[in-house]
Structures are given as C-alpha cells and as structure tokens.
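> Protein chains in written order, with my numbering: chain A, 386 to 717; chain B, 241 to 516.
Some clues are possibly wrong.
What the hints assert, rightly or not - As a list, the in silico DSSO-like pairs of lysine-lysine whose alpha-carbon atoms are at most 27 Å apart:
| no. | chain 1 | residue 1 | chain 2 | residue 2 |
| --- | --- | --- | --- | --- |
| 1 | A | K456 | A | K599 |
| 2 | A | K610 | A | K541 |
| 3 | A | K391 | A | K541 |
| 4 | A | K569 | A | K515 |
| 5 | A | K610 | A | K597 |
| 6 | B | K262 | A | K569 |
| 7 | A | K568 | A | K463 |
| 8 | A | K639 | A | K597 |
| 9 | A | K518 | B | K262 |
| 10 | A | K391 | A | K568 |
| 11 | A | K515 | A | K568 |
| 12 | A | K495 | B | K427 |
| 13 | A | K568 | A | K610 |
| 14 | A | K674 | B | K427 |
| 15 | A | K456 | A | K541 |
| 16 | A | K518 | B | K261 |
| 17 | A | K495 | A | K515 |
| 18 | A | K651 | A | K674 |
| 19 | A | K639 | A | K675 |
| 20 | A | K597 | B | K262 |
| 21 | A | K599 | A | K569 |
| 22 | A | K611 | A | K675 |
| 23 | B | K286 | A | K515 |
| 24 | A | K599 | A | K639 |
| 25 | A | K513 | B | K265 |
| 26 | A | K456 | A | K391 |
| 27 | B | K427 | A | K515 |
| 28 | B | K262 | A | K513 |
| 29 | A | K463 | A | K610 |
| 30 | A | K513 | B | K261 |
| 31 | A | K639 | A | K611 |
| 32 | A | K568 | A | K518 |
| 33 | B | K265 | A | K518 |
| 34 | B | K265 | B | K427 |
| 35 | B | K261 | B | K390 |
| 36 | A | K463 | B | K265 |
Because the hints were derived from the structure by calculation, they are not lab data.
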Amino acid sequence: MNEVIKAEGLTKIFNRNVIAVDHISFSVLDGEIFGFLGPNGAGKTTTINMLITILRPTEGTASVLGYDIVKQAEMVRKVIGVVPQEYTADEDLTGWENLMLCADLYGIPKDIARQRGEELMELVELTKFKDRKVETYSGGMRRRLELACGLINRPKILFLDEPTLGLDIQTRNAIWDYIRQLKKEYGMTIFLTTHYLEEADALCDRIAIIDKGKIAVIGNPGELKKSLGGDMITLVLGEDADATEVIRQIEHVKDVWREDKTYWIKSELGRTTLPQIIETLRQKNFTVKKISLAEPSLNEVYLSYTGRSLRDSAESGEDARRLRMIMRRARA
Amino acid sequence: MMEFRQNTIRGLWALTGREIKKWLKDPLILLVTIVQPLIWMALLGKSMNIGALLSNLPPEIRDQMMRSAFGTSDYFSYMAVGMISFTVIFTAMFTGMSVVWDRRLGFLDKVLSTPVPRSAIIFAKVLNSTIRSIFQATLILLAALALGLKLGPTFTPLNIFGIYAVIFLFSTGLSFLFLSFTLRSTKIETPMAVVNLINLPLVFTSNIFFPNSLMPSWLQTVAKINPVSYLTDAIRQLTIFEMDTGALLLDLTYLGILAVLLSAVGIFLARRYLSR
Numbered sequence: 386m387n388e389v390i391k392a393e394g395l396t397k398i399f400n401r402n403v404i405a406v407d408h409i410s411f412s413v414l415d416g417e418i419f420g421f422l423g424p425n426g427a428g429k430t431t432t433i434n435m436l437i438t439i440l441r442p443t444e445g446t447a448s449v450l451g452y453d454i455v456k457q458a459e460m461v462r463k464v465i466g467v468v469p470q471e472y473t474a475d476e477d478l479t480g481w482e483n484l485m486l487c488a489d490l491y492g493i494p495k496d497i498a499r500q501r502g503e504e505l506m507e508l509v510e511l512t513k514f515k516d517r518k519v520e521t522y523s524g525g526m527r528r529r530l531e532l533a534c535g536l537i538n539r540p541k542i543l544f545l546d547e548p549t550l551g552l553d554i555q556t557r558n559a560i561w562d563y564i565r566q567l568k569k570e571y572g573m574t575i576f577l578t579t580h581y582l583e584e585a586d587a588l589c590d591r592i593a594i595i596d597k598g599k600i601a602v603i604g605n606p607g608e609l610k611k612s613l614g615g616d617m618i619t620l621v622l623g624e625d626a627d628a629t630e631v632i633r634q635i636e637h638v639k640d641v642w643r644e645d646k647t648y649w650i651k652s653e654l655g656r657t658t659l660p661q662i663i664e665t666l667r668q669k670n671f672t673v674k675k676i677s678l679a680e681p682s683l684n685e686v687y688l689s690y691t692g693r694s695l696r697d698s699a700e701s702g703e704d705a706r707r708l709r710m711i712m713r714r715a716r717a
Numbered sequence: 241m242m243e244f245r246q247n248t249i250r251g252l253w254a255l256t257g258r259e260i261k262k263w264l265k266d267p268l269i270l271l272v273t274i275v276q277p278l279i280w281m282a283l284l285g286k287s288m289n290i291g292a293l294l295s296n297l298p299p300e301i302r303d304q305m306m307r308s309a310f311g312t313s314d315y316f317s318y319m320a321v322g323m324i325s326f327t328v329i330f331t332a333m334f335t336g337m338s339v340v341w342d343r344r345l346g347f348l349d350k351v352l353s354t355p356v357p358r359s360a361i362i363f364a365k366v367l368n369s370t371i372r373s374i375f376q377a378t379l380i381l382l383a384a385l386a387l388g389l390k391l392g393p394t395f396t397p398l399n400i401f402g403i404y405a406v407i408f409l410f411s412t413g414l415s416f417l418f419l420s421f422t423l424r425s426t427k428i429e430t431p432m433a434v435v436n437l438i439n440l441p442l443v444f445t446s447n448i449f450f451p452n453s454l455m456p457s458w459l460q461t462v463a464k465i466n467p468v469s470y471l472t473d474a475i476r477q478l479t480i481f482e483m484d485t486g487a488l489l490l491d492l493t494y495l496g497i498l499a500v501l502l503s504a505v506g507i508f509l510a511r512r513y514l515s516r
C-alpha cells in the first residue's frame, strides 16, 4: 500500500521554547483510518495544523500525497479536506450558505457545487435544516455541517481534529458511521485526532499514541492490546490451599499471582482460559467463589507506554477545552 | 496563472459576500452603521458652530472671514463633509479588528486550509471596508443635504463618483495599514491599543475640524503628511468648495500612492504572516 502522508522529524517549537511537537516520524497508508491518540496538549492539533499547511514546521518535513507541506502547500490544500475542532461555520448564515462559501473557497464551479452540496446535505442528514441559520443548530448539527464542508472538494485525504469532541453518545455514533461510510464507499484516507479511547478503538485501523509531543508507539489497536500480554483474570477460591501450580498448567496461562484466596491470572486468550480454569479447579476439588475477566483496553496500552492513564489526563483537558470553546462563543 | 486569477476573484467575491451578508443580516449592526455617522454629524457639526462666534459682525465681513479660513461661509458644511473622513477611518479600524475575530473563532484557520489565495483573504476585508464606507458616505451626504449643506458652485452629480474614488483609495490604504497590525494577533487588546494610539491623532492632526492654515506651524507639517487631510480636502473640493483642479489632482495622487504602497505592504505581510 502507498504512503499518502509521510512525516519525518516533524517539529514545532512555539516562541522559541515551547516544544509542541518533538521530531515525530510516521506514515499513513492509502485508504486507512489513522488516529492520533493523546491527551490535550500532547501536540495532536499542532501536528494536524502542520499537515494541513496552516502552521509552518520549525524542523523536519512532511508530504501529503507526495506534495511537500511547505514548498507545495497550494497543491496540498487542493487535495485535502479539513474538519476543524472548532465550529467555524458562520452563525449568521444558513447551513447552505456556509457550504456554498466553502465551495467558493475551493473554486468549485457553481452547478457542480450545488449538486454536490445537495448530496452532502443528504449524507449528513441536514437537508431539512439547510436553509436555517447556523445559530439555531445543535452541536451535532454543526459538526455534521463542518463535515459536509470538509468534503465539498472531494478530498483524497480527510483531516478530522477531535471529530466528536463534546458530543453526546448518540451523535458520536452517528459521526462514526459517516466516517466508516466515507472509508468504505470512497476509499478515503482519514487522519483523525482524538482523546477518546473508545473512538480510537472503534474507528482506527492504526493509531499513534502521542504524549508530550512525541510518538510513544504506532500500531493496530488490537495488536497493541495483545502486545501487553493478554487478559487479566481475577479469581477468588473458597479454600486456603495453594492452587497456583494447578492454574499454571492450564493452556494459554502466562502468569499467576496469589494473595491468600485471591489469584490474578494473566492469559493470552482470556475468554478461552476462563471456563477451563473453572473446570480444572472443580476437578481438583476447589470451589470458585468469584471470577472476572478484564480484556486490556487502550487505556492499559496508553498506561504502559506513557506511564500515566489517559482517562486521568484527558478528563481535565476536555473540561478546559470545552470551557475555552464556550468562551470563544461568548466572546463572539 | 489563469486559474490563479480565477480563484482569486472567486475567493475574493465569496469572502466579501460573507462579510456583506453578515452585515445586512444583522439589523442592529446595519442600524448602528447608519445612525452613528448621522449622530456625529448632527452633534459635532451643529454644536461646534464657529460661525456663531462671529454673529455680531456684519454678514459680508463674517462671510469673508469664514471663507478665507474655511473655504466656505458655512461651518456646518465644512464639518459635515469632514465627518465622511471620520467614518471611513473608523470603518477601516473595525475591519482590521475583524481579522482577529476570524482567527479566534477558527474561521481564519479553516479558510487558510483551502486553496484560496492568501491575497484574496485580505483583499476581501479591504473591499468590505470600502463598500461600507461608501455606503455610509452616501448616507452622510444625503443627511447633510437635509440638514442644510451648502454645495459649491462647481458641484455636479457626477462628482459623487469622484468622492467614491477617493474614499476607495483612502479606505484601501488605511484598511491595509490596520490589517498589517492585526494579521498575527490572537487577542484583540494589543492591536486595539495600537489602533487607538493612531486613530485620534490621525483625526485631530487633519483638517476634519479645522483648516491646516489655522494650525501652529509644527502641526501644519504633520497635517501636510496626514492622508486624512488629503481625503477630506478632496471630498470638499468635490462638494462644497469652488473646485481647484490642481489641488484635487494632488489629493488624488497622494491617496493613490498611499493606497498602492500600503496594499503592497499588506499583501506581502498577508502572504508571510497569515499562516503562523
């Protein structure tokens, strides 16, 4: 598969001393959904802004579809679509007027723009509301309008900066569906940033975990989880006798820890091991009082690569960003 | 090249259209834009009635004194026309500020990520400022006529186009100047301070309220390089004065050079600094 985005040693330093992005290198393959996962302030938006040519890298290079993001910025802008984190649509204009403004900025001929506009409004289910002023739109509708704007030039690559930030679960699922549809029907390559683990897990073919401006690891979410060494089974027995050796003999079990009657069992295939453990222990006359299985989530992956939990670091970050967004609105 | 020119015009048209639509769709802003110059004109123009100071002189002598100082016997006419310059300056200032809003709201970033030429982005702002200024100037003139503006003997309706032309030149130059200050700003306070520092001196070292000839000599020097004086003089030549073609040509040349120079600087800075 072709590399459609390629970054080498990409770096951005603000005001000569704030290192937002620190020599990162990665490539995105044709037709995949590639996600940047990390907390607020990790450098996700800065990276996206460099790739969409609105921020000049301090060091390093990157190319989008073979075009250099600095020297051939104009060419890059033509082939990409951008859905920014903020709601940038003009509140005083209608959804349709905003969409047509986007079309004008790409220099799309009027009749083609109108036709595509109708299709896109249909896709994001805003046809009914297209002649309403954007100030009457809900957050989800605004996000969908931004998505339509980002697609008006039929981009080869779509950049989504926190596509579901601040949306409720239903709307979030709807946006995920649109994104999957774009990949399936148009073979579009999608680069997205997120601090939601579920989002990275549900959508992305590959993710890069970014922390403090550096990429900690790149890989398929499933593989990353597997690389941690499997699932964790917690077990409580009724007897005081030591069952460690019995458990260790069971297939796929990698390790066992014991503390009184409680055992922690690491298994490569938790779902298969769990019934076998119960069965084996019963044969050896042990009573299983409690048993539970935890499959590793991306949070464990994140934890093991960055040394801290994303849920902890994301929570406050999101609040801060929401507040900032509200303030932006209020100032307008 | 052809494609670039097409895109520039398309983008320019679309972005200007956005500003104008925003302006027209907000009835309050539209109302303020209309009422504000009228208030200034009515209050300042009628309250500073210099002619009244000389009211106990015989009318012929008074007229002569006024004419030698102001070029017209009626101070209200002198002042009312000056209000056009005043309005153009403030409209240009708000245009400069609007780019900071666009940046804050993320709109500017979105536009920058599209292939629209950078010069179109900044030209749209300038064009919007000019269109608003011309609209306001027309209203001021109409209102001034209703309040008793005395037109000069050389006035013809065609002069209106001359007025629009000088406003276009001045507004272009000044909008580019203000935009140069605000291009990189992410907050409103800094450029606001700079603009305020410039604005009022620009007004008071010009001939909006008083003719240059009545100023102390150091101030006259400042007034002579102040473009506001040239704009105001040009508008007066075209309306209330007996037209001095030489003076009008000088005004036009000065404003033309200013517009070209500041546009060049503005476009250079836009290409360089709109992206950070």
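> All hints are to be evaluated individually against the structure, with a verdict given for each.
For each hint, the structure was consulted:
| no. | hint | in the structure |
| --- | --- | --- |
| 1 | K456/A with K599/A | holds, 25 Å |
| 2 | K610/A with K541/A | violated, 30 Å |
| 3 | K391/A with K541/A | holds, 15 Å |
| 4 | K569/A with K515/A | holds, 26 Å |
| 5 | K610/A with K597/A | holds, 22 Å |
| 6 | K262/B with K569/A | violated, 38 Å |
| 7 | K568/A with K463/A | holds, 19 Å |
| 8 | K639/A with K597/A | violated, 33 Å |
| 9 | K518/A with K262/B | holds, 11 Å |
| 10 | K391/A with K568/A | holds, 20 Å |
| 11 | K515/A with K568/A | holds, 25 Å |
| 12 | K495/A with K427/B | violated, 36 Å |
| 13 | K568/A with K610/A | holds, 24 Å |
| 14 | K674/A with K427/B | violated, 62 Å |
| 15 | K456/A with K541/A | holds, 19 Å |
| 16 | K518/A with K261/B | holds, 12 Å |
| 17 | K495/A with K515/A | holds, 17 Å |
| 18 | K651/A with K674/A | holds, 19 Å |
| 19 | K639/A with K675/A | holds, 20 Å |
| 20 | K597/A with K262/B | violated, 40 Å |
| 21 | K599/A with K569/A | violated, 31 Å |
| 22 | K611/A with K675/A | holds, 25 Å |
| 23 | K286/B with K515/A | violated, 49 Å |
| 24 | K599/A with K639/A | violated, 32 Å |
| 25 | K513/A with K265/B | holds, 21 Å |
| 26 | K456/A with K391/A | holds, 15 Å |
| 27 | K427/B with K515/A | violated, 32 Å |
| 28 | K262/B with K513/A | holds, 23 Å |
| 29 | K463/A with K610/A | violated, 37 Å |
| 30 | K513/A with K261/B | holds, 22 Å |
| 31 | K639/A with K611/A | holds, 13 Å |
| 32 | K568/A with K518/A | violated, 30 Å |
| 33 | K265/B with K518/A | holds, 10 Å |
| 34 | K265/B with K427/B | holds, 26 Å |
| 35 | K261/B with K390/B | violated, 35 Å |
| 36 | K463/A with K265/B | violated, 31 Å |
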